[in-house]
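Chemist: Please work from the sequences and hints to get the whole structure.
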Amino acid sequence: MASSSSSGLTFKLHPLVIVNISDHYTRVKSQTNPPPLTSTSATVNGVEHQQQAPRVYGCVIGVQRGRTVEIFNNFELLYDPSTHSLDRPFLEKKQELYKKVFPHFYILGWYSTGSDAQESDMHIHKALMDINESPLYVLLNPTINPAQKDLPVTIYESELHVIDGIPQLIFVRSSYTIETVEAERISVDHVAHLKPSDGGSAATQLAAHLTGIHSAIKMLNSRIRVLHHYLVGMQKGDIPCENSLLRQVSSLLRRLPAIESEKFQDDFLMEYNDTLLITYLAMFTNCSSTMNELVDKFNTAYDRHSRRGGRTAFI
Amino acid sequence: MDSAVAQKTWELENNILAAEAPDPSSDSIFHYDEVAQAKFLKDKPWANDPHFFKRVKISALALLKMVVHARSGGTIEVMGLMQGKTDGDAIIVMDAFALPVEGTETRVNAQADAYEYMVDYSQTNKQAGRLENVVGWYHSHPGYGCWLSGIDVSTQMLNQQFQEPFLAVVIDPTRTVSAGKVDIGAFRTYPEGYKPPDDHTSEYQTIPLNKIEDFGVHCKQYYALNITYFKSSLDSHLLDLLWNKYWVNTLSSSPLLGNGDYVAGQISDLAEKLEQAENQLIHSRIGPLGTSRKKEESQLAKITRDSSKITVEQVHGLMSQVLKNILFNSVGQQNRNEQPVSDPMIEA
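These protein sequence lines are chains A and B, in that order. Quick note: the first sequence, position 9, residue 9 per our numbering, numbers continuous. Heads up, our numbering is the position in the second sequence plus 1000, with the first residue counted as 1.
No incorrect hints appear here.
No more than 25 angstroms apart at the CA atoms, straight line, and that leaves these computed lysine-lysine pairs for DSS-like:
id: 1; chain 1: A; residue 1: Lys12; chain 2: A; residue 2: Lys126
id: 2; chain 1: B; residue 1: Lys1054; chain 2: B; residue 2: Lys1195
id: 3; chain 1: B; residue 1: Lys1044; chain 2: B; residue 2: Lys1195
id: 4; chain 1: B; residue 1: Lys1054; chain 2: B; residue 2: Lys1044
id: 5; chain 1: B; residue 1: Lys1324; chain 2: B; residue 2: Lys1309
id: 6; chain 1: B; residue 1: Lys1302; chain 2: A; residue 2: Lys297
id: 7; chain 1: A; residue 1: Lys149; chain 2: A; residue 2: Lys12
id: 8; chain 1: B; residue 1: Lys1245; chain 2: A; residue 2: Lys12
id: 9; chain 1: B; residue 1: Lys1220; chain 2: B; residue 2: Lys1195
id: 10; chain 1: B; residue 1: Lys1057; chain 2: B; residue 2: Lys1042
id: 11; chain 1: B; residue 1: Lys1302; chain 2: B; residue 2: Lys1211
id: 12; chain 1: B; residue 1: Lys1057; chain 2: B; residue 2: Lys1044
id: 13; chain 1: B; residue 1: Lys1220; chain 2: B; residue 2: Lys1302
id: 14; chain 1: B; residue 1: Lys1324; chain 2: B; residue 2: Lys1245
id: 15; chain 1: B; residue 1: Lys1126; chain 2: A; residue 2: Lys100
id: 16; chain 1: B; residue 1: Lys1039; chain 2: B; residue 2: Lys1126
id: 17; chain 1: B; residue 1: Lys1039; chain 2: B; residue 2: Lys1054
id: 18; chain 1: B; residue 1: Lys1126; chain 2: B; residue 2: Lys1057
id: 19; chain 1: B; residue 1: Lys1245; chain 2: A; residue 2: Lys149
id: 20; chain 1: B; residue 1: Lys1324; chain 2: A; residue 2: Lys218
id: 21; chain 1: A; residue 1: Lys218; chain 2: B; residue 2: Lys1245
id: 22; chain 1: A; residue 1: Lys12; chain 2: A; residue 2: Lys100
id: 23; chain 1: A; residue 1: Lys99; chain 2: B; residue 2: Lys1126
id: 24; chain 1: A; residue 1: Lys263; chain 2: B; residue 2: Lys1324
id: 25; chain 1: A; residue 1: Lys99; chain 2: A; residue 2: Lys126
id: 26; chain 1: B; residue 1: Lys1044; chain 2: B; residue 2: Lys1126
id: 27; chain 1: A; residue 1: Lys93; chain 2: B; residue 2: Lys1126
Output of the computed footprint for chain A on chain B, the stretches with three or more beta carbons under 8 angstroms from beta carbons of chain A:
id: 28; segment: 1165–1177
id: 29; segment: 1224–1236
id: 30; segment: 1247–1257
id: 31; segment: 1317–1323
Since the hints were derived computationally from the structure, they do not count as laboratory data. All values reported here derive from a predicted model rather than from experimental measurement. Glycine included, C-beta positions come from ideal geometry on N, C-alpha and C.
Modeler: Below, the structure is given as structure tokens:
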């Protein structure tokens, strides 16, 4: 059912959506499978409580600008799997509420949890088609698989394909990128990794900042290594030569250096100098403050002697 | 081995609640126990102890939503409500949602249609399976720190009289982006006329001159709660995987560009504070040397601390830029220095 999409739309997904769906799922799961009362019996009962994980449904909202679809947020939907009916008034109410706070977003599609897209999902898809002509279907796989390397989120679009002479709507998989704003990135970082609490000395802040950049560079390095291994293998003849890949690699390498103009150098050096200036000023302030304290302490120490006449106050 | 020890000591110092390996029982926090909550509400243990609630646990989702909403307001204050429950002396925030209210300066009041929005939203939420009640409100102070202004204090005192248990959370999205870590504070006010037992010093933060009066007058009327964060096992798993795609954003973020305005504002504010401090210094030299001296010293020391904070952030931003320059630009510079060797890529 899922082949690759050909609509040419690029999808951008915000991490908020992913955390939202995960939270929705965890919530519903913990409501239907109440946790054991004592923690000691958790491991024993946990094994037995392997009930069918409930599926959750919801709507995703965002913006579409030209060929780029950006998914910002989402909210829950009420859907009855037995009667295949969508709770319309609920959907409209929610839509209204979200419109008030985020007036730019509109419904782009819907989401659900599960391991693969199913036939019954087409019903919801068709139901949403009167709000948005080509809705998206975002599927999150909630099973935790430690060996997994990639995000268990897939985006499906619907396309009209002719199967056995009958035009039918089927799901086709699309690729997506993760898009973020700076604030989102920082809070995701904060919760995902261990970030220092407020305060902390300058040393811990520096360490945290550099650690973040270091791990990012490490990722970049490992990706490049993979490419390098692949190319070496191709050179040796172990792997069949694939020209399109070679072209891509060569175009990637040709993009270095990233910027090489006079203007960039000037701007860069100016920024560098500005920062050095700020450091200089801060040091100045620090020094004058220390001097001030020193002078005051000196005054207090020697003041008693000068009061009997003699040296004037040494200010 | 060394790094593992270092990480453990650092975790201890910073009171991080490490998320253990996915353990189904740790997700029990997501379960809403209606009976226990109702009983707690009836008992009202906070009625006797103004300092009853000491901790706040915020879920990953709530934090993300609040920060994104606060940032989307830009320099305008925004507000919203938080839903959750209580757990002994901790308030747990499970979710947050935004309110369609425009705030100006230090005046953020929910108007009539915001109340309607609140009721509608809570209703739909209950239908959708989120059973928690509203347990607090949050708003943003873009650029001027996490504390409660006079209006905030009176709003919160009113809330604490009629809607207990209630929590006030303040987020500063500008400082978050500038410093690279989330700037957030959770507060509860003391009831009218109550004198806090000890003069605990909260963590220092710099307040711009035009707000410092408002801050100083009311800072004794509320206390800050300790904030920790939690996430479900699925959340941790997803966030770990997210890093596979996310590292690009970390490397490509340019804090210097985004924070230029804010840093400039901070520096001019510092300049004004320095002038004030200088005036005080001159006047006190004539007056009696004694206790007044201590006040300017501490003011000058404060200014020094602020200036070092801004510098540190700026230097961090510059470091990222320099690193990126070395990574992506130095190739061309190297090639220019050496003799142009035949490049197999181009020839092939």
